[in-house]
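Undergrad: Each chain, letter by letter, is given below.
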Amino acid sequence: MEHTIKLKVNGISYDVRVQSKRSLLSVLRDDLGYIGVKEGCGAGECGACTIIMDGKAINSCMVLAVEADGSEILTIEGLSDGDNLHPIQKQFIEKGAIQCGFCTPGMILTTYEFLKRNPDPTEDEIKVAISGNLCRCTGYVQIIEAITAAAKEMKSNKEQ
Amino acid sequence: MSFIGKSIQRIDAVSKVNGSAKFIDDYYFDSMLYARIFRAPVPRGRIKNLDLSAAEKLAGIKGIFTAKDIPGANIVPVVEKDQPLLADEVFNFAGEAIAIVVADDPDIAEEGVSLIKLDYEELPSILTIEDSINKTVPDICSKPDNIFSHYKIRKGDFEKGFKSSDISFEEEYKTGYQEHAYLETQGMIAVPNPEKTITVYGSMQCPFYVQEGVSEITGYPLSDVRIIHTTTGGAFGGKEDVPSIIAGFASVPAVILNKPVKMVFDRAEDIMTTSKRHPAWIKFKTGFSKAGKLLAIKVEFYFNAGAYSTLTPIVLWRGLVHAMGPYACDNIHIDAYAVATNTVPCGAFRGFGTPQVIFACETQMDIAAEKLNLSPIDLRQINILKVGDSTGTSHDLDESVGLEKSLHLAADGIDWKNKFIPPSEKTGRKRRGVGISTLFYGVGLGAKGGMLRRAGAFIQVYRDGSVNVAVGTTEMGQGSNTVFAQLTAEALGCSPDNVTILPIDTSRVPDSGPTVASRSTVMTGNAIRNAADQIKHYLLLGASELSGKPEEAIELIDGRVLTAGNELKISFIDVVEHCFNQRYHLTSQGWFKAPSTSWDDDTGLGNAYFIYSFVTNTAEVEVDIETGEVEVLNLVSAEDFGQPINPKMAEGQIEGGVIQGMGYGIMENLYSEKGIFINPGFSTYLIPTTMDVPLVKPIIVNEGYSKGPYKAKGLGECPLMGVAPAITNAIYNATGIRVREIPALPELIIKQKKE
Amino acid sequence: MKKFKYIRPNNLKDACSILKRENDIKILAGGTDLLVQIKDRMKTPENLLDITYLSELRVIRNNSNYLEIGALSTHQDIIDSDLVSNNAGILQQACIQIGSPQIRNRGTIGGNIINASPAADTLPPLFTLESELILISESGERTVKIKDFFQGPGRSIIEPNEILKSIRFKKHSNWLGHFKKLASRKALAISKLSVAGLFLVNNGTIDQARIAFGAVGPTILIGKDTVALILNKKISSISEKEISDAVIKDISPISDLRSTQEYRKAITTILVQRILQNLMKA
Numbered sequence: 007m008e009h010t011i012k013l014k015v016n017g018i019s020y021d022v023r024v025q026s027k028r029s030l031l032s033v034l035r036d037d038l039g040y041i042g043v044k045e046g047c048g049a050g051e052c053g054a055c056t057i058i059m060d061g062k063a064i065n066s067c068m069v070l071a072v073e074a075d076g077s078e079i080l081t082i083e084g085l086s087d088g089d090n091l092h093p094i095q096k097q098f099i100e101k102g103a104i105q106c107g108f109c110t111p112g113m114i115l116t117t118y119e120f121l122k123r124n125p126d127p128t129e130d131e132i133k134v135a136i137s138g139n140l141c142r143c144t145g146y147v148q149i150i151e152a153i154t155a156a157a158k159e160m161k162s163n164k165e166q
Numbered sequence: 084m085s086f087i088g089k090s091i092q093r094i095d096a097v098s099k100v101n102g103s104a105k106f107i108d109d110y111y112f113d114s115m116l117y118a119r120i121f122r123a124p125v126p127r128g129r130i131k132n133l134d135l136s137a138a139e140k141l142a143g144i145k146g147i148f149t150a151k152d153i154p155g156a157n158i159v160p161v162v163e164k165d166q167p168l169l170a171d172e173v174f175n176f177a178g179e180a181i182a183i184v185v186a187d188d189p190d191i192a193e194e195g196v197s198l199i200k201l202d203y204e205e206l207p208s209i210l211t212i213e214d215s216i217n218k219t220v221p222d223i224c225s226k227p228d229n230i231f232s233h234y235k236i237r238k239g240d241f242e243k244g245f246k247s248s249d250i251s252f253e254e255e256y257k258t259g260y261q262e263h264a265y266l267e268t269q270g271m272i273a274v275p276n277p278e279k280t281i282t283v284y285g286s287m288q289c290p291f292y293v294q295e296g297v298s299e300i301t302g303y304p305l306s307d308v309r310i311i312h313t314t315t316g317g318a319f320g321g322k323e324d325v326p327s328i329i330a331g332f333a334s335v336p337a338v339i340l341n342k343p344v345k346m347v348f349d350r351a352e353d354i355m356t357t358s359k360r361h362p363a364w365i366k367f368k369t370g371f372s373k374a375g376k377l378l379a380i381k382v383e384f385y386f387n388a389g390a391y392s393t394l395t396p397i398v399l400w401r402g403l404v405h406a407m408g409p410y411a412c413d414n415i416h417i418d419a420y421a422v423a424t425n426t427v428p429c430g431a432f433r434g435f436g437t438p439q440v441i442f443a444c445e446t447q448m449d450i451a452a453e454k455l456n457l458s459p460i461d462l463r464q465i466n467i468l469k470v471g472d473s474t475g476t477s478h479d480l481d482e483s484v485g486l487e488k489s490l491h492l493a494a495d496g497i498d499w500k501n502k503f504i505p506p507s508e509k510t511g512r513k514r515r516g517v518g519i520s521t522l523f524y525g526v527g528l529g530a531k532g533g534m535l536r537r538a539g540a541f542i543q544v545y546r547d548g549s550v551n552v553a554v555g556t557t558e559m560g561q562g563s564n565t566v567f568a569q570l571t572a573e574a575l576g577c578s579p580d581n582v583t584i585l586p587i588d589t590s591r592v593p594d595s596g597p598t599v600a601s602r603s604t605v606m607t608g609n610a611i612r613n614a615a616d617q618i619k620h621y622l623l624l625g626a627s628e629l630s631g632k633p634e635e636a637i638e639l640i641d642g643r644v645l646t647a648g649n650e651l652k653i654s655f656i657d658v659v660e661h662c663f664n665q666r667y668h669l670t671s672q673g674w675f676k677a678p679s680t681s682w683d684d685d686t687g688l689g690n691a692y693f694i695y696s697f698v699t700n701t702a703e704v705e706v707d708i709e710t711g712e713v714e715v716l717n718l719v720s721a722e723d724f725g726q727p728i729n730p731k732m733a734e735g736q737i738e739g740g741v742i743q744g745m746g747y748g749i750m751e752n753l754y755s756e757k758g759i760f761i762n763p764g765f766s767t768y769l770i771p772t773t774m775d776v777p778l779v780k781p782i783i784v785n786e787g788y789s790k791g792p793y794k795a796k797g798l799g800e801c802p803l804m805g806v807a808p809a810i811t812n813a814i815y816n817a818t819g820i821r822v823r824e825i826p827a828l829p830e831l832i833i834k835q836k837k838e
Numbered sequence: 606m607k608k609f610k611y612i613r614p615n616n617l618k619d620a621c622s623i624l625k626r627e628n629d630i631k632i633l634a635g636g637t638d639l640l641v642q643i644k645d646r647m648k649t650p651e652n653l654l655d656i657t658y659l660s661e662l663r664v665i666r667n668n669s670n671y672l673e674i675g676a677l678s679t680h681q682d683i684i685d686s687d688l689v690s691n692n693a694g695i696l697q698q699a700c701i702q703i704g705s706p707q708i709r710n711r712g713t714i715g716g717n718i719i720n721a722s723p724a725a726d727t728l729p730p731l732f733t734l735e736s737e738l739i740l741i742s743e744s745g746e747r748t749v750k751i752k753d754f755f756q757g758p759g760r761s762i763i764e765p766n767e768i769l770k771s772i773r774f775k776k777h778s779n780w781l782g783h784f785k786k787l788a789s790r791k792a793l794a795i796s797k798l799s800v801a802g803l804f805l806v807n808n809g810t811i812d813q814a815r816i817a818f819g820a821v822g823p824t825i826l827i828g829k830d831t832v833a834l835i836l837n838k839k840i841s842s843i844s845e846k847e848i849s850d851a852v853i854k855d856i857s858p859i860s861d862l863r864s865t866q867e868y869r870k871a872i873t874t875i876l877v878q879r880i881l882q883n884l885m886k887a
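Residue numbers (the working numbering), protein chains in the order written: chain A, 7 to 166; chain B, 84 to 838; chain C, 606 to 887.
Worth flagging that the hints you see were computed from the coordinates, not collected in a lab.
Some hints here could point you the wrong way.
[What the hints assert, rightly or not] With a Cα cut of at most 35 Å, we get these calculated DSBU-like pairs of lysine-lysine:
#: 1; chain 1: B; residue 1: K89; chain 2: A; residue 2: K161
#: 2; chain 1: C; residue 1: K644; chain 2: B; residue 2: K342
#: 3; chain 1: B; residue 1: K164; chain 2: B; residue 2: K257
#: 4; chain 1: C; residue 1: K839; chain 2: C; residue 2: K870
#: 5; chain 1: B; residue 1: K235; chain 2: B; residue 2: K469
#: 6; chain 1: A; residue 1: K122; chain 2: B; residue 2: K342
#: 7; chain 1: C; residue 1: K618; chain 2: A; residue 2: K62
#: 8; chain 1: B; residue 1: K140; chain 2: C; residue 2: K608
#: 9; chain 1: B; residue 1: K218; chain 2: B; residue 2: K131
#: 10; chain 1: A; residue 1: K122; chain 2: C; residue 2: K644
#: 11; chain 1: A; residue 1: K12; chain 2: C; residue 2: K608
#: 12; chain 1: B; residue 1: K513; chain 2: B; residue 2: K837
#: 13; chain 1: C; residue 1: K829; chain 2: A; residue 2: K62
#: 14; chain 1: B; residue 1: K257; chain 2: A; residue 2: K101
#: 15; chain 1: C; residue 1: K791; chain 2: B; residue 2: K731
#: 16; chain 1: B; residue 1: K145; chain 2: C; residue 2: K631
#: 17; chain 1: C; residue 1: K829; chain 2: B; residue 2: K836
#: 18; chain 1: C; residue 1: K791; chain 2: B; residue 2: K757
#: 19; chain 1: A; residue 1: K164; chain 2: C; residue 2: K791
#: 20; chain 1: B; residue 1: K140; chain 2: C; residue 2: K648
#: 21; chain 1: A; residue 1: K101; chain 2: B; residue 2: K89
#: 22; chain 1: C; residue 1: K607; chain 2: B; residue 2: K145
#: 23; chain 1: B; residue 1: K513; chain 2: C; residue 2: K839
#: 24; chain 1: A; residue 1: K96; chain 2: B; residue 2: K731
#: 25; chain 1: A; residue 1: K164; chain 2: B; residue 2: K731
#: 26; chain 1: B; residue 1: K757; chain 2: C; residue 2: K648
#: 27; chain 1: C; residue 1: K648; chain 2: B; residue 2: K200
#: 28; chain 1: B; residue 1: K513; chain 2: C; residue 2: K870
#: 29; chain 1: A; residue 1: K12; chain 2: C; residue 2: K618
With these hints in hand, go ahead and build the complete structure from the sequences.
TA: Structure representation (structure tokens):
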């Protein structure tokens, strides 16, 4: 059973024809080429597939593409402006918060949505915010440092 | 300015933060097909009939392949050649692959799998170490008595040692499975090329193992099998030998159908069917003088190898070599056995046989300390290895032993002096305690590494001064590519910004062995140095010709040319241009063979590894005495791995590894029923989330190794191995409850408390 | 995944008639449970009815002395709601501990209820609030008390043609509520046992008490004996042994991959003791 759905991804509008059983994750990756969205478990249990849909961080493996018809989506590809990286991306690099890189896109997007809601977070609040993003390489230490630094940088950018 | 010990930015960081880094599932080839696997439903059985008819009729199915279709040999070559790629007449573990189903859509392939009907006769099977030892079913594997491997150490006279001991005691320990839980599942794409050649891309640690595996399966000579490593999303040992199997699943249909075939596992399949850390049963006896000197050690331990031998012999041997701990002791008697069961074959996981024995040894030391009325620190201070001492296998240590330093730094790091209070003095519902463990770890493959103990590197300097480096060991997140760029820059005299590490390609560089055993920095690092030195010879010659200064007086540093500390007007690029004009050869092959080691199978003595790294872990926990819940508050890891090339990345490795060790100690558990893992998902196999992590303090201790590249040793596995006993010793210090089994789940702690 | 037909109704009335008309149809809301089950082939519906966009089911509102929560309210909606903070804080205590931020953004309270896991975290608090479930179908609405709703793991008395519209309960603004869950890690973890307790305390005496247990039986269990023990008593007068005996009578845990029977028995008791100790401090 196929549907034609409208998705706006990183500011670009798409009309896509999809079977009802297709996940948003697989349509973003396979049909639209946004390979930065990763599949870690396919069951909403690791956060690697996190994207922002209509302003909320969600696991794209647990949303049918048809459910997302008409929504606005941000993937990691949409976060930087050409070669200009977003402060969160810059701080992840600065603080060494990347090792194998597989959890990184989801981690950064969750952070992006979180810092929008809470621009001045405590460390505990950061830990809760990314508790749905598993990382097996870093032990989270440098990730938390990166998010703390990103919040600071974004706050001071705003103040300027 | 030196790039050694400098925390430069990871060279692959940008592509990883902007989503452009390509992992295997991100690759697409024209006309690519998808493979799924039909697997055995029970632990052991004889195949009577495989009915593929319904599956074959399904629209979109392009082929179904069984053992008889394999063009080459139906073997997954590891140490032995006892494991088939596809079970033929008999299958030996639940989940063993029997058929490969290929379709133009992964869902159709999956449906095809569900339509296959297997008629089999179930055979009696063994699921536990105990049943294997007791041979409740005899001869379930290729070796007699269900024993895949046995190694021993016979040093001194342990009976005399125990007789002369003032205190001796024996304990039993158990450790469980651990799942790697890399975030990126296993995956390969096999692309057939004209003239019967094949290229296989994928997530892996050991391209040359995969090359051998694909050659075996396809029957193609090695020269016609090209393996290309793609960005790998974590491995930790789980992608050491297993990728050869995945590559086999992709290659068989690729070669027969002459189309690219993608084989990517889903999470449940990955957890249920790929290798794990060996569960262990360890009997440990130690004898001490009343002053605390270790006089005798007797260990008997068993690893549950699973259905096939795979990497077990080497894992077992490493466990053997490290089982007595980083202590001087003259009387050591150890028997190590790896027994077969009808379960998933176990293999490599960061630590490779040592976390199990370290758990036993370090708990034993903690118990001994109490019996001897010594603090755990003092007991270790009396016994730990120092320069001039000899290891348990009689290897004289003549340099680079940072253990004592790490002991004191780790103790201070957790404020041991103020926090180590005996459990009897603890009160209240939440009780805190500290614990410690020390370990040593042989870097490299060791005396049993055979011909694998070498590595190659290829360097090419281009006319514009940019540099390509090809190596044979892989980047899987640990940062090796960045380290290699730093080493290259240091050795050649350019900037790491001008160095590009090429994707690992078996056609570019000689077989460099596997990316395991914490060997990459030393082995590949030294190969890079060897290659760079050859080019440097010409660069210095060229710089001398250009500048008129003598070669001996010239230094190349970070793209600049200096003599007697003064910067000249010519640059690295000018020197390169000149060398090109002179037609000097600015490419080279580097080679490094590991320093010598030795081993005697009868005595279990020898210089097992060419150098050792040393670690002390301390942990602080808070235990809810009523519920048994453990909160880890602090983890300190003081590690001597020689010169850190990139300290920030090294700290990242320590932090990540320590959390894996914590998971192993208190949280991660695989449950099986009838030989099948029943919790193959991230909501049921639990690894630490951000909410679970303590404060982590990595401490780098640098006892340089004279033969290491810029005095570096090996780091990769160090952080994980000793964390579990540091935590369980802390649990004891907090509560007086001694666990002899990990994971130390609250249920176990409460059960232990009652007993 | 097995194929299915995806249907998006225009409104609630539409949804109800589609449900009546189609056989083999399941309701899709947040999808955090259902889509996993479909992937694992535990459920294989021919049709999926996506009610996510029926915004009238996502309202949290005051209804004289009731609070009514639309079934499509996400866990995050409930956490963000002042109405819930002020009148049923115990429910927020549970929602904050469910899954992960991503799951809380999608998972709905309605889904948590209909999925009917005995380990579901919103359920023990809803029991203590003596919630009523409003079910709607083409034939109209009916109200079911939550204690009568569940039949066993994954099973409830909802009819195939019914939709859970909302959950309502009397406001309990001056009650003291405690929800405690034990799991093997601090996030993304299913409860191995949980206790919800809602109390009216007057001068150290428990005037009213409601206790419910999760993950220690085939469905949520009401702490009948435990309540009987503590009602109208001074908290300080109740002994640990008495609590233990009563709790053991109320629960029927098993051993499974999350925990053992012995542990669940022992620790459920301890959680109840602690909840009562917290009451004393308040």
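Undergrad: So, for every hint listed, does it hold in this structure?
TA: Evaluation of the provided hints:
Of the pairs offered as hints, the one joining K89(B) and K161(A) holds, with about 30 Å between alpha carbons and a cut-off of 35 Å not exceeded. Annotation: proposed proximity of K644(C) to K342(B) holds, straight-line Cα distance about 28 Å (limit 35 Å). Our distance criterion of 35 Å between C-alpha atoms is met by K164(B) and K257(B), whose separation comes to about 29 Å. At most 35 Å may separate the alpha-carbon atoms for a hinted pair to count; K839(C) and K870(C) meet this at roughly 25 Å.
Note on K235(B) and K469(B): the hinted pairing holds, with a Cα-Cα distance of about 24 Å set against a maximum of 35 Å. Restraint check: the Cα-Cα separation between K122(A) and K342(B) comes to about 47 Å, which exceeds 35 Å; the hinted pair is violated. Taken as a hint, the K618(C) and K62(A) pair is honoured in the structure, with Cα atoms around 28 Å apart against an allowance of 35 Å. With a C-alpha separation of about 19 Å, the suggested pairing of K140(B) with K608(C) holds against the 35 Å cut-off.
A C-alpha spacing of about 26 Å is found between K218(B) and K131(B), which places the hinted pair at or below 35 Å, so the restraint holds. Between K122(A) and K644(C) the alpha-carbon distance is near 33 Å, which keeps this suggested pair within the 35 Å criterion. The suggested pairing of K12(A) with K608(C) holds, with an alpha-carbon distance near 21 Å, which does not exceed 35 Å. Using a Cα cut-off of 35 Å, the hinted pair K513(B) and K837(B) holds, with the two alpha carbons roughly 17 Å apart.
Between K829(C) and K62(A), the direct Cα distance comes to roughly 41 Å. Violation of the 35 Å bound is thereby established for this hinted pair. Under the criterion of a C-alpha separation no larger than 35 Å, the hint pairing K257(B) with K101(A) is inconsistent with the structure, at around 38 Å. This hinted pair checks out: K791(C) and K731(B) have alpha carbons roughly 28 Å apart, not beyond 35 Å. Proximity of K145(B) to K631(C) is assessed by CA-CA distance (about 33 Å); at most 35 Å being required, the pair is judged to hold.
A C-alpha spacing of about 30 Å is found between K829(C) and K836(B), which places the hinted pair at or below 35 Å, so the restraint holds. Restraint check: the Cα-Cα separation between K791(C) and K757(B) comes to about 30 Å, which is no more than 35 Å; the hinted pair holds. About 34 Å separates the Cα atoms of K164(A) and K791(C), which keeps this hinted pair within 35 Å; it holds. A C-alpha spacing of about 25 Å is found between K140(B) and K648(C), which places the hinted pair at or below 35 Å, so the restraint holds.
Between K101(A) and K89(B) the CA atoms are separated by roughly 14 Å; this keeps the pair inside 35 Å, and the hint holds. A distance of roughly 20 Å separates the Cα atoms of K607(C) and K145(B); the hinted pair therefore holds under the 35 Å criterion. For the given pair, K513(B) sits about 26 Å from K839(C) by alpha-carbon distance, which is consistent with the 35 Å threshold. Pair hint K96(A) plus K731(B) holds up; C-alpha atoms about 16 Å apart against a cutoff of 35 Å.
Taking the CA atoms of K164(A) and K731(B), the gap is near 29 Å; set against the 35 Å cutoff, the hint holds. The suggested pairing of K757(B) with K648(C) holds, with an alpha-carbon distance near 24 Å, which does not exceed 35 Å. Our distance criterion of 35 Å between C-alpha atoms is met by K648(C) and K200(B), whose separation comes to about 22 Å. For the proposed pair K513(B) and K870(C), the alpha carbon gap of about 20 Å is at most 35 Å, so the pair holds.
About 26 Å separates the Cα atoms of K12(A) and K618(C), which keeps this hinted pair within 35 Å; it holds.
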